[in-house]
Amino acid sequence: MMDFQMAWRNIWRNPRRTTVILIAVIMGVWSMIFLGALMRGIVAGMVKNGISTLTGHVQIQQRLYPDDPSVVHRIRDPQAVMKILPRVLPPGSRWTFRVRVNAVAANARHSNGVTLVGIDPESEARVSFIGRSITSGNYLKAGDNNDILMGRALAEEFGTHLGQKLILMSQDTQGQIASRAFRISGIFRAEMESTEKHFVFILRGAAQQMLKMDGAVSEVSVVLPHHEQARQVAATLQARLAGKDLTARPWQKALPLLTAYLDLYDNFVLIWFVVVFIAMGFGIVNTTLMAVFERMREFGLLKALGMRPRRIVKGILIEALLLLLCGMAAGNLLGWLSCWGLSFKGIDLSALAQGAEYAGMARVIFPSLWPRDILSANAVVLGLGLLVSLYPAIKAARFTPVEAMMHY
Amino acid sequence: MAIVECEGLSKTYQQGKVTVRALSDVNLSVAAGGFVALAGPSGSGKTTLLNLIGGLDRADAGHITVDGRDYNRLTSSDMAELRLRRIGFVFQAYNLIPVLSAVENVEYVMLLQGVAAAERRRRARRILDDVGLADKYDRRPAELSGGQQQRVAVARAIVSDPSIVLADEPTANLDSKTGEGLLQLMLQMNQVHQVTFIFSTHDRMVMDYARRIILIRDGCVAEDRDKAA
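Protein chains in written order, with this note's numbering: chain A, 398 to 805; chain B, 67 to 295.
Keep in mind that the hints were calculated from the coordinates and are not lab data.
We put the CB at the ideal spot given by N, CA and C, even for glycine.
Warning: the hint list may mix true and false statements.
[What the hints assert, rightly or not] Derived Cβ-Cβ restraints for the label pairs, each shown as a range:
{"id": "1", "chain 1": "B", "residue 1": "E71", "chain 2": "A", "residue 2": "I675", "range": "50 to 60 Å"}
{"id": "2", "chain 1": "B", "residue 1": "A159", "chain 2": "A", "residue 2": "V417", "range": "23 to 33 Å"}
{"id": "3", "chain 1": "B", "residue 1": "G180", "chain 2": "A", "residue 2": "R413", "range": "35 to 45 Å"}
All chains, please: the whole structure from these sequences, using the hints.
Below you can see the structure in the form of structure tokens.
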């Protein structure tokens, strides 16, 4: 107890210096937690975007479809898959069947390559973004065989609007060009402009009819209650689909670029922690060394009184511990407050939308606090903080009493 | 019975490129219960001799035995233990721990010895009462006068019943009245507790109080005068 009392008083002998090092620790911990949470938020947004932009947690497709997403590679017997899903998927899972092929969209003045998506409006709304993204007009419903949904950015590019016609052209299952006119019944807005430009939605039945698919679909998209289940569920599905020439892929495989980003971000968080700590560590060593040299006579006295070197080390480490704990407590609180403050409106990156989109980031970032990151940040600061304090502590303990007491 | 015995003690220091011979072939013996002054001009080697006797530094040659312990046979850890339990120190600059109160400064030595908290507090208060600081328990060193700080230092030196107290110029920073008060206090401790006191000093008053004066000059014992003899 007296050791802690003495250490506490010692660290406040020079309040200005202690305040400076406390600020360094607080800023270090805060930046580790807050910027870590922002990075996690970016990643969470990317994953959410990726999954809700028609990927889902697990995709079931014809084996060759991922490499050649054409109408040729289709699931010819969706009913067989339909029977398996309720038995294999965890409770709370949702799924939808889609037609998804490359097509050309054209009006009187423009034409563009798009992805034609034939959907079941009800089940699709529970799986992807489209059900909640209509900003003008109406979402599709059964019987809207002539209606099409297009993105705001594509509509602007085409100079078209609700009620206008849009022609879709694609290759049908017989290798012929199929084309059909649709009326624009809804305009959607997505997180990313590229999504608005890339996808047009019609009813699945209309797409199957246009492409002569005879009830076949391009893919089944599954959303699970927790995205950590994706790999395991995909593996189970794959086993159950054996012999059907189908493949079940988790989102990590369906979105390899995003998966690579996630790995990169994990490493980046670690590198960030180390960089922050190195800056902070120099501050801690420097300040502790100053404090040690300033009190060298005192350490000499303590040694003269019979204090063992390891007790001097212990005393300095207790001082470092108290400083670190104070800084960590304030840093954690500040980090949590910053995240809480941003949890309502997030950080709007609209001004940087194109650059951010390139990386698949959401327009608005919400910080995401992970207990693991908080623990890691605190463990890094505490563990390495004590470790770097060992140097001045050992230095103080190594002086002989006479050397130390002659020190000015 | 001798509590301190030095035989053929030599010590040199390196000051830059110059080697300074601080002590040369010093032989002396101090009996238990003595009140001894090591006198001599500045740089004569008296503080070096005190440091060697206190085990704060090691001799280049010769033997020191304190309280029956031969320093040449002791490890650094043994020396620390000896200083902790058998030797008390009083320094010219008081050297109290500034963040601790008077009573805590006295207690601290006992903390290092592993004495229980309540016992520490009881003994520290009693010894502070003895040195006349009964109303100053909770004062920090900065709130005490020089004489009071040196009294706390004396209390700290004798609180754990050492065999010997080494005092390096204890009156040098005090006015003559305060210095005399301190000397009377140490003499009283010497008589009451039978603690051996060895001072390094060039203060005439300390030499007046000492029962034996060992004059050190150029690192050698130049004169050894026992007033009782």
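Which numbered hints turn out to be false for this structure? none
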